[in-house]
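*Asks:* What follows is each chain in one-letter form.
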Amino acid sequence: MNRVVVIGGGMVGARFAQDLVARADAAGATVDLTVLGAEEYEPYNRVLLSEVVAGKVDVAAIALPGPDDARVAVRRGTEVIAIDRDARQVVTGEGTYPYDVVVLATGAAARIPQTPGLTDRPGGLPGGAHALRTLDDAREIVAASVNARHAVVVGAGVLGLEAACGLARRGVAVSIVHPGASLMDRQLDTAAGRVVERSLTGLGVRTWTHVRTEHVRVGRDGRVAGLSLRVPDAGASPARDGDGSPDRTHERIVDVDADLLVLACGTVPEAGLARTAGLTVDRGVVVGADLASPDDPRVYAIGDCAQPPEGGSGLVAQGWDQSRRLAESLAARAAAAGAAGQEPAVDDVEHDHPHVRFGEPDRPSMALRLAMSVVTRPVTDLSAPGAPLAAPGADSSSSGTSSASREALGSPRADRSSGTDVVRVKAAGLEIVTMGVCGTRRASDPAHRTVALSDPVSGRHVEVVVADGLLVGATCVGAPDVGADLTATYTRRTPVPADPAHLLLQPVAQAPAPASTPTHMPDRTTVCTCNGVTKGDIVACWHDDGARSVDDVARATRATTGCGGCKDVVCGLVDWLGKADPEQRTDDRSAVSGATGMPTAV
Amino acid sequence: MAPPPQAQSHCPYCALQCGMSLTPLPDGRSSLPVEVAPRDFPTNKGGLCQKGWTSATLLSAPDRLTTPLLRGEGGELRPATWDEALDVVVAGVTRIQEAHGRDAVAVFGGGGLTNEKAYALGKFARTVLRTANIDYNGRFCMASAAAASNRAFGMDRGLPFPLADLGGADAILLLGSNVAETMPPSVQHLAGARSRGGLVVVDPRRSATVGLTGDAEVRAGVPTGAGPVGDQGVHLQPVPGTDLVVLLALLHVVVTEGLVDEEYVAARTTGFDDVRRSVAAWWPERAETVCGVPAERLRHVARLLAAASPSRGGAGAYLLTGRGVEQSSQGTATVTATINLALALGLPGRAGSGYGAITGQGNGQGGREHGQKADQLPGYRKIDDPAARAHVAAVWGVDPDTIPGPGMPAVKLLRSLGDTGSAARPRGLFVHGSNVVVSAPNADRVVAGLRALDLLVVCDVVPSETALLADVVLPVTQWAEEEGTMTSLEGRVIRRRRAVAAPGEVRSELWILAELARRLGSDVAFPTDAAVVFDELARASAGGVADYSGLSHARLDADEAAGGPGLFWPVPAPAPAPDELSARGERTDSRGADTSHPGTPRPFLDRFATVDGRARTIAVDHVGPSDDVRPDAPIYLVTGRVLQHYQSGAQTHRVSELERIVPDAFVELHPVLGVRLGIDEGERVRLTSRRGHVEAVARWSDRIRPDTVFMPFHWSGAGSVNRVTTDATDPVSGMPEFKVCAVDVRPVGSEEDVSAPGEPQGSRSADSSMEVSV
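Chains as they are written, first to last, in the numbering used here: chain L, 1 to 602; chain P, 1 to 774.
Hints listed in this document are in silico derivations from the structure and should not be mistaken for laboratory results. C-beta: ideal position from N, C-alpha, C; glycine also. The reader is advised that the hints may include incorrect statements.
[Said to hold, decoys possible] Here are a few chain L residues that sit away from chain P, every Cβ distance over 12 angstroms (derived from the structure): (1) 45; (2) 55; (3) 56; (4) 120; (5) 137; (6) 147; (7) 191; (8) 282; (9) 424; (10) 426; (11) 431; (12) 444; (13) 446; (14) 481; (15) 529.
[As the list claims (entries may be wrong)] Selected chain L positions facing chain P (in silico; Cβ < 8 angstroms): (16) 38; (17) 39; (18) 40; (19) 62; (20) 150; (21) 480; (22) 487; (23) 536.
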């Protein structure tokens, strides 16, 4: 049970290797782990590629911790040819790797839509056309952006928006073309999408929705020159038929120039190996709640290549969560097998120490600690009706089956899974976060109460969906503080306010208006916090003790004698008292001169 | 000996150790024995908070203990003579140790004890009781910062720079520290950074310290996504227990935006490449989904700190941690992340910049250096280091092999008391300068443990909640009644001086320990003169990390009288004799003995105290609170202090001026939460955790997150919040997670009513707090 071969050394594969080693240590089990990675690179944070395009993040800074353990053999640049399930070995060009368990973490590839001019050319994509999936893609786009005059991004999902904003930030004129009815329509409903559209316009990004790319124009130099788009007729553009799709009878062709074309049209799980090995493959490698293939209990799939019962979300949080869960269960089994007759150690770890800690010598790998950090929340009573699983090629790479129903998962921590469907766009100038029940594709549920605030002019749109006193979904555009609070409420299942409308704004009452004059300041107002001195105390020492200067007040009340921060206010009060009580005023103006800390009565 | 006419001493409370003059008042002129006046001292610059101003009241507390007390036949505490009381202690200790072994008697010390007392207590435990089990309440406050600093820098001095250095910085990041309430005069040192818009406070509450960042508004020059910020700084208001995520995201931004001081990192640190990779996974948007702080605000703060850093032309930046982030099951990791960020920006070991932990208790710094920690010997030496044992044994005049090994850290020690199934559990306990019934986490369990003891001996000034459970209570001197030294939050060694005679039969702990040693048949010397004890402490510390060997009471007095800059440890004794130095042409001093080390205000300027002189960076990651919110406990509880009270309140509850302002415990909660739960302002509210429940009055405030309630920890009984806090501990430091746990919140009287939160009660003022900005 202890020879584990991981196919794929990316964000999830490398993470899993670390998770498994650490979990095996904790469980007292031994594992023999091999990671086969097709890319030559060390693992890097793919999520940040759009930040690289935007010039916000340095390429060198996106490297992730790799498995740095003697028990892990990492073979980079190793293409796997086949999984020989009968012989239980993974076949590569360099040789075979026998396994007890094989874990597919092959990820997904960018989906390239079949388009004349784009996919019908010998030698692949024309010059200037790029997907945005790998480090090389990002590098090439950055290089191309230097001389690009007009970039077109195809696909207005999360990645498309991020890429478009990033290119705009580099000073390139950018258009987004999107087949859907509105931007980011996997997560956003039409109203929210329109708000985002306005914001993009403000950032200098032109948007086209309801658009089909007829063909990509390629110049004689073999480089992209532009696109021909089929767009709704301008005069008829608002008209749509019942299901929101455009009325195709009023369309026209528009030609758009472009010398840089970025394809953000979603992803296709890399499931070829599994398919050839005779395993069930739908959109991705079909796995059960235990992440094992129903056809072979020795084969698992995690990350973007997998299709678990709740559907693949394309979000790394889901892959990291799967990595943690699979590592836990494999380590427990290895431990049980290694110490037959003994109670599996991993159970003790789970129940006695829900947060496993290790002393410095056996510090868990970075990956384990990262994996444990994924925000989790119980889902046992969360049965939001699922949005349809993403059809092949349906949408952008980061789109998610946001509210897919979940069943109890097969790991010991099944009740703590998920919370991994928060979608947070990273694009300077766009503040978008969605979670749970959101967008137009959700099924209606009578138990759901939806409250929304729409403020398109200021670029703000907030919608919350509440059921049974809990936040089950939210859409937040243009309100970062609110979005951050909503995420915290959602992931932790914090009970929502009696009136959910309170969720739509920062629930902070206005600070009491500063007293415009000491006259209006209540007597109980604390003036000197350090010494607990109120306005009333200061007035009293003026009248009762004859205090006439700040020093007098300090002696009588100790106001100003702590941090001194209230000196201006005390000066103002002394000044005000002096004006209100002129006969008793002393000549000692110096004590109150410069008393500008507060406006005095006029 | 008559006390001097006026004693130049320091405040009895926190680690700021504000300078004060104590003038004895003739009998009859006042109800108080001394008059307190502030002094111009570098930490307080002539200021005192209300606690300091009213501290003289402590000396004449109406229930001041003036004789030993013994538990009588009927279970009541009755006055006794010293002979009677010490006989009971000696008989009890002997009986327990004969039956159950030496480790069956344990010692619990405190961070408020003078250096001399802390030293003597550790020596007593190791040489007379010869028990491994001694630890102290500093485990509750400083252990995580200490562990992280030792790991990174090879030395733990809370602030490795004088506090006044803060004044020149462009930016100061305060994590989990509410200095405006806990040490008010210190905020004078924040003025410079505030004037440059550079005070950044990380706190789930909009605390008084957050108020120093100014009114939050949307401001020009700040990215819109960063939200409103103050004119004097920025508030980051994370979900409780996620400060570490804030730090990881800040470092992510520093790394990815190329703001690392690469030259410094290459020259002065090790291990940074691992750290660099580890934060690649914490991009601000991901961090936002965990910590609830908007991504752009995190970016804004990271850039602000970088701009203040010397490598980018700033005047300097300081990153400071307090208990809010350290009292956590990931406290050591959080401090480590702070240090990593500081190192990435090139701050530690540079004049005008740095990382520091803001020590809390009066002698929280010195208290952790002189051997009352379970794993330490004087001089901040490790008890399992043979060379350290040999050195200290020689000073003590004992065989190194008789010194016990490491004992149980505080929480484990207290937990073990009630473990009646264990034969190895301690049966006797000495408590000095600590009120564990109120100040330890999971307090009900602590009380049960204390009740299970065969012998509980408590040395205290007043009948604290812990003293009231004791078999023997010994009355001891306090602050203005004794001589000694303290080590302040900045590592400055200062003198505590006697202003008045102690009342009644009150004795110093130095005397008590000497008497007990003698009566227990030990021939180890226990001097009772604090100056003599200090000299011994200095010798014991020689060559250690916290080296005091170049100090004496006389030198400290002379330096102060001469208006010197103060003395910061390490202050080693000059190793070679003066004539040797002069023979080598080095600095000599005609005054002979004054060829002294000048002290070390800024210890890391040339090198860190690690073997290779470089700071170690260590990758850490977020795990989250040990007791996280869940359906039956959906609200976070955070705890902290109010200005008017100190720790368990054993002192401040006896000062009527303080007690009048904040007489009772309270639960601060957001009006939105109050309305949802049907809890009105002023109504009694009950918090229930896995460990117990606590009740107090509700105070509505919009300064707290709606998913969080706050409660101060200064009370015993029904309002004692530590009855619900968790005793889960940090795996490295053993420090308990006081600062966050999950609770159920509901109005008192509705325990059966589980389903129907009250309807909104109509309109009301959202903020009922007393502080109104003017």
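*Asks:* Are the hints correct? Go through all of them and say.
*Replies:* Hint by hint, here is what the structure shows:
Look at residue 45 (chain L): its CB is around 5 angstroms from the nearest CB on chain P, not clear of 12 angstroms, so calling it non-interface is violated. At roughly 10 angstroms, the least C-beta separation between residue 55 (chain L) and chain P is not larger than 12 angstroms, which violates its mark as non-interface. Residue placement check: residue 56 (chain L) does not keep its beta carbon more than 12 angstroms from all beta carbons of chain P (closest about 7 angstroms). With a closest Cβ-Cβ approach of about 38 angstroms to chain P, residue 120 (chain L) is found to remain outside the 12 angstroms limit, as its non-interface label requires.
Consistency note on residue 137 (chain L): stated as away from chain P, and its beta-carbon is indeed over 12 angstroms from all of that chain's, at 18 angstroms minimum. The beta carbon of residue 147 (chain L) is kept farther than 12 angstroms from every beta carbon of chain P, the shortest such distance being approximately 24 angstroms. Here residue 191 (chain L) stays apart from chain P, with its beta-carbon at least about 21 angstroms from theirs, past the 12 angstroms limit. Distance check for residue 282 (chain L) against chain P: the nearest CB is about 29 angstroms away, which clears 12 angstroms, and the non-interface claim stands.
Not every beta carbon of chain P lies more than 12 angstroms from that of residue 424 (chain L), the smallest distance being close to 4 angstroms; the non-interface claim is violated. Chain P draws residue 426 (chain L) into its interface by the beta-carbon criterion, the shortest separation being 5 angstroms against a cut-off of 12 angstroms. Annotated as non-interface, residue 431 (chain L) brings its C-beta within 12 angstroms of a C-beta of chain P; the closest such distance is 5 angstroms. Distance to chain P confirms residue 444 (chain L) as a non-interface residue, since its nearest Cβ pair spans about 26 angstroms, more than 12 angstroms.
No beta-carbon of chain P is positioned within 12 angstroms of the beta-carbon of residue 446 (chain L); the least distance is around 20 angstroms. With 12 angstroms as the threshold on Cβ separation, the claim that residue 481 (chain L) sits away from chain P is violated: the shortest Cβ distance comes to roughly 5 angstroms. Residue-level check failed: residue 529 (chain L) sits 6 angstroms from the nearest beta carbon of chain P, not beyond 12 angstroms. A least Cβ separation of about 21 angstroms between residue 38 (chain L) and chain P goes past the 8 angstroms threshold, and the interface hint is therefore violated.
Checking residue 39 (chain L) against chain P by beta carbon gives a least distance of about 16 angstroms; that is not within 8 angstroms, so the hint is violated. With a cut of 8 angstroms, the hint placing residue 40 (chain L) at the interface with chain P is violated, because the nearest CB-to-CB distance is about 17 angstroms. Among the interface hints, the one on residue 62 (chain L) holds; its C-beta lies about 5 angstroms from the nearest C-beta in chain P, closer than the 8 angstroms criterion. Annotation: interface hint on residue 150 (chain L) violated; nearest CB of chain P at approximately 27 angstroms, more than 8 angstroms.
Among the interface hints, the one on residue 480 (chain L) holds; its C-beta lies about 4 angstroms from the nearest C-beta in chain P, closer than the 8 angstroms criterion. Hint status for residue 487 (chain L) relative to chain P: holds, with the closest Cβ pair at about 5 angstroms, below 8 angstroms. With 8 angstroms as the threshold, the beta carbon of residue 536 (chain L) stays out of range of chain P, its nearest partner Cβ sitting at about 12 angstroms, so the hint is violated.
The structure fails hints 1, 2, 3, 9, 10, 11, 14, 15, 16, 17, 18, 20, 23 (numbered hints given earlier, in ascending order).
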